[in-house]
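Take the sequence shown: its position 93, counted from the start at 1, is 181 in my numbering, and no numbers get skipped.
Hint data in this document are derived by calculation from the structure and do not stem from the laboratory.
Glycine included, every Cβ here is placed at the ideal spot set by N, Cα and C.
Worth double-checking, as some hints may not be accurate.
[Claimed, not checked] If you anchor each label on the Cβ, the simulated ranges turn out as follows: (1) G205 to L261: 41 to 51 Å; (2) T247 to R155: 25 to 35 Å; (3) R155 to L244: 34 to 44 Å.
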Amino acid sequence: MNARPCRRFRRPENNMKTGNVSSYYPGYRSKHMIRRRGFTLIEAVVSLAIVAVVLTTLFQGQRNLARRTQVDLPTVDWYLMLHELENPDHHFVVDHISDEGGLTPGKAVHLVNTVTGKQYLLTYYHILHRIGLRHYGGGEINLMQGVRQFHVADDLTLTMTTDKGIHFQAQLLLPDRRTMVDEEATRNDPAFGD
Numbered sequence: 089m090n091a092r093p094c095r096r097f098r099r100p101e102n103n104m105k106t107g108n109v110s111s112y113y114p115g116y117r118s119k120h121m122i123r124r125r126g127f128t129l130i131e132a133v134v135s136l137a138i139v140a141v142v143l144t145t146l147f148q149g150q151r152n153l154a155r156r157t158q159v160d161l162p163t164v165d166w167y168l169m170l171h172e173l174e175n176p177d178h179h180f181v182v183d184h185i186s187d188e189g190g191l192t193p194g195k196a197v198h199l200v201n202t203v204t205g206k207q208y209l210l211t212y213y214h215i216l217h218r219i220g221l222r223h224y225g226g227g228e229i230n231l232m233q234g235v236r237q238f239h240v241a242d243d244l245t246l247t248m249t250t251d252k253g254i255h256f257q258a259q260l261l262l263p264d265r266r267t268m269v270d271e272e273a274t275r276n277d278p279a280f281g282d
């Protein structure tokens, strides 16, 4: 019978001469073993830990952004409306205040552009819940929506409450024709004569 040698354990005949000890001990790794490409267990654990920290940070950042209170949109609209009305490029002057324009209770402000002479009406539409600036010749600018109450006092104090219950109040800083003194009229007035 021809017995074939075992492949698992070789005979130690020539191995001692070459210095290869791995054939004597199957679990032993020699210095000359071929390194395989890939990650070690430690590298895999460290990379998973880094990924976990990054994902946790991103998740917390998203939650913080969602919780952060941003400037309420009616507040921005209120200040934009005041800025638009008080813009010196429009040359607005208050002509008079009246009870027209769909106000319940409140007043509409009649504005005049001193350069062009065009007349405008700042009014509150209570059915539509909005404030608009309307030109008498046609055309309208919607200044603010979602308004529950609006009132203009005689001293040009604008008071407004939004549909969400936010209350705003400011004085309109525009020249007022009602209080302007006409210098020509006072010169020719006999009560102020020489």
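- Query: Between R155 and L244, does the beta-carbon spacing fit 34 to 44 Å?
  - Reply: 39 Å, holds
- CB-CB spacing for R155 and T247 relative to the 25 to 35 Å hint: 32 Å, holds
- Item | Pairwise beta carbon distance, G205 to L261, judged against the given window 41 to 51 Å | At 22 Å between Cβs, range violated.
Violated hints amount to a single one, hint 1; each of the other numbered hints is respected by the structure.
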